[in-house]
Amino acid sequence: MATLEMKNVTKQFGRKVIAVKDFNLEVADREFLVLLGPSGCGKTTAMRVVAGLEEATFGQIIIGGKDVTNLPPRKRNVSMIFQNYAVWPHMKVFDNIAFALKIKKMHPQEIEETVRRVAGMTNIDMLLDRYPSQLSGGQQQRVAVARAIAVSPDIFLMDEPLSNLDAKLRVSMRTELKAIHDKTDATTVFVTHDQSEAMSMADRIVIMRDGEVIQMGTPDDVYHRSASVFVADFIGTPPTNFLDVQVFSENGNISLKNQFIDLKLEDHYSKALDSYNNKNVILGVRPENIEITDPTKSDMAADCLVSEPQGSHQVIAIQLDKKIMKIIAPAVMKINPGQRVNLLFKQETLRFFDPETTLAIEASE
Amino acid sequence: MVKKPVKFGKLIRQTIFYLFITFLAMVILLPTYFLFSLSFMSTREAYEFPLPMAPALRVDYSMTYGKRGYLLSVFDNNEGDYQTVLDTNDLEKMSEYMRYQLGAPMSILEIEEHVKLLESGTDPVKFTGKRNLWLNYGTFFSITRNAVPALIRSLQIAAMTIGISLTIGGLAGYAFARYVFAGRDALKFSVLFVRIFPGVAIAMPMVIFLADLGFYDRPIGLSLVYSIGSIALTIWITASIFLGIPVSLEEAAVVFGATKFRAFLKITLPLALPGLAAAAMYTFLGAWNETVSAIILTQFNPTFSVVVYQSLLGSVGQVNLAAAGGLVMALPSVIFTFFIRRYINQMWGGVTI
Amino acid sequence: MQAAAQVKPKQKIWKKLTPYLLILPVVIYYAIFWLRPVLTTIVNSFRDASGAFTFDNYLMVFAERDFIPALRNTAIIVVFSVTLEFLLALFLALLINRKFTGSTVFLFLAMIPMALPAVASGAMWLTGLTSHGWINSLLFHLGFEHKIYWLAGSEASLLALLIVIDAWTVIPSVMIILLAGLQNIPKEVEEAGYVFGGDYLTVLRKIVIPILNPTIQTAVILRLISAIQIWLVIVLLVGFSRLPVLVERIVYYHEEMSGLNISYQMATGYTIIVTVIVSIVALFYLRVSGAFGKSKEAK
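Residue numbers (the numbering used here), protein chains in the order written: chain A, 1 to 365; chain B, 1001 to 1353; chain C, 2001 to 2299.
To be clear, the hints were calculated from the coordinates, so they are not data collected in a lab. Quantities reported herein were computed from a predicted structural model and do not represent experimental measurements. There may be inaccurate statements among the hints.
Claimed, not checked - Here are the simulated lysine to aspartate or glutamate pairs, DMTMM-like style, with alpha carbons at most 20 angstroms apart: (1) Lys104(A) <-> Asp2199(C); (2) Lys279(A) <-> Glu250(A); (3) Lys2012(C) <-> Glu1251(B).
Please model the complete structure; the sequences and the hints are all you need to start from.
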């Protein structure tokens, strides 16, 4: 129940490896913030610096207005859920949860009450007398969660807590963790490499790569207004489709051309793309924003490679030269491999990226 | 590169830590250092008090006329002055003294040169002899006549012990790691129980038993006795190693048509090789270092450790020679320990009580 | 259909038999080379020179002048050695487990005492402990000019000396067992301890050491069994009968006094007594430390 501020945090290992570069972040009270990125992007390191398990090479960590940079983990009032649970094998579940409370010299009665309360919240009240080796992975994870809640920390840190669970459990635990977050009014920092997990749980997402922040924003922001090719490609299942196109500007009318497509753009992109006349840009369009229509209305046509039925919808893959483009179509549409499909792009959803910087070209209103 | 602010407190803590580590290392190695140092010292140096902290690289002489011929004095660092060591006109005796007592061999011809200088008027003549640091090692091998054959014998024995232990122990270790069978727990504890009976007490009745078999005073006899202890340890270590190799790898091989034996040969064994090598080194150490059983079970064909032992206690009795012998014996052990250290976790990490 | 059903039982038997076949060589080997001498010794301990059954051997041992001293000295050495060695080895293992720069080099250096053969070790300490040896020389260089006669002291001082020397030699082997155990504890398990309120000592006491327990038991029991049987370093330094211990008595009677008639009987008597003592201590320790039965974690 506090704010978290990371100011210019840098973490360097040895002389060469810089895991986190000049990281700046402000997490509001009760926010659910997700650090998202591929393996090795520094998200876990950043979290461990907040926890105090790693010492920041440079920078400050401020929790609830108090500078904790030089404090050991136990004095920061944070708790953590580890990827492989890290429950203590030699203690019963009850003792695992009570460990921190005993150190705080809480009254035994109070300890008992707290443990039972959090065990109830995580549905492990029946397991308090067992040892971790007698529990399944999912149950051990709940023990880790209960242990983390019991200390009523200022900040919850969760390091890929769902990665080791099977798919179905992962999805159901997502909901449970979010519910617990809401119920305990906790400020949570959640690390994951799974973008759908991030999208479904976060108030805000921080996308990281190679130790740096690429984009910070709400799920909506990173999805619909991806700041770079990397983000647009990382977020979304299936991710954004990219096309290299050449811009032609004539009397304020922009058209995009490449070997497959000749697209005439509507008004509001004209100013932004004007400066790219006769140059290439990268066009990004999400699978759900491509419609399969009849030939008269279409922007381009191609042959279907495969169709992947998903129950509620289907994903059509088409091959353009060396790339594969994916389109989300209604389940009822019958499309066979080899069949010609005609595509219409929903122009208001298009994103453009500079081919050199890979950053988004913002449409000026 | 990111600018790193120098955190002064942390730097101080780190420096103190490393100083402490260095101090610890020195305490651990101090005795070894002296053994090392002694093995290079001359006999005279070795019996000086206080013992010099490092062997000298040269000897400073002063020669003048003495009652019986020439008076030879050696510069003593402790006294800060020359000390008379020899009064003779027998140059051969002088040369021998220089070689065996001072560890600085000088030929008679060379000594004659200095004598000529003395006789031509320079009195006293001061000259320097260069120390041969390796002299003790050479002397050790030449004085203890059977050192080299003993060395070879020790190597043979070690090799045979490794062979026996790895085969017999390895099979049992594999069984322990992969199967559940009656007596599996007993096997685990057997490793302990074997040690309960004093090793010396095994060697003693073994004398007769081996003599009956014709193995007394022969390498094979010693190997058989050494293997008693090392098989048990090998079982423990190989079980640990095999437990560390996932069964699924063997199962995959079986699914693809291999027999269990072939799977073991082609998949498990290559993967276990580093750990097995370490187990072999462990066995080598045990066999190479073993002294007492060797004393009991050999007579005319001693092992190298027996030879060193005899030189320590016996007629030769010169501290610096014994040090040289001891170091020669220690060298393979230390080298192998260097290689083992990376495999410690593999060897001891799997099986516990 | 028929053929398949016929093959199965044979394969099944073969499969069940395999582990027993694998351990057969060990069992045979130990039966011949260990069980036989052990049984022979046990039997002979109850025989006198003519072969008749007797308790005399044991009575002679108990009556021997050096029996109580041997017992006492061994007990003192075992208690102090094992405790000291365990604590120092644990300290070193924890230190090395921190993986600082140069920790592998330090590990190698710390293992050197273990690598030295007993004779090299003996040479090393002997040359140090004589009145003009390197220990006194070192003290001299440091300003302490008084020669100490290390090997001429009282029994108590000799025991203390021995315990220190034994510790120097043995700590590495205990340390590497503990180190292996420590390395098997996942880092996060310890870190969780720090996050949830523990300082270094608390995490050590409440998390690391309890998890390390099986390894500790292994190391201690091996050490106990060896410590009770200490003798070589003592004989190398002060010779026989100066500081009697149990196994030294065995060697004494077998090697040094082998001319006498009763020697062999004394030797066998002592042998069995040592075996019994070691067995009792080992079983006692295993029972007390909970190695039998209490398996909370499936391994």
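Here is what the structure says about each hint:
no.	hint	verdict
1	Lys104(A) <-> Asp2199(C)	holds (12 angstroms)
2	Lys279(A) <-> Glu250(A)	holds (14 angstroms)
3	Lys2012(C) <-> Glu1251(B)	holds (17 angstroms)
Going down the numbered hints, you'll see the structure goes against none, and every one checks out.
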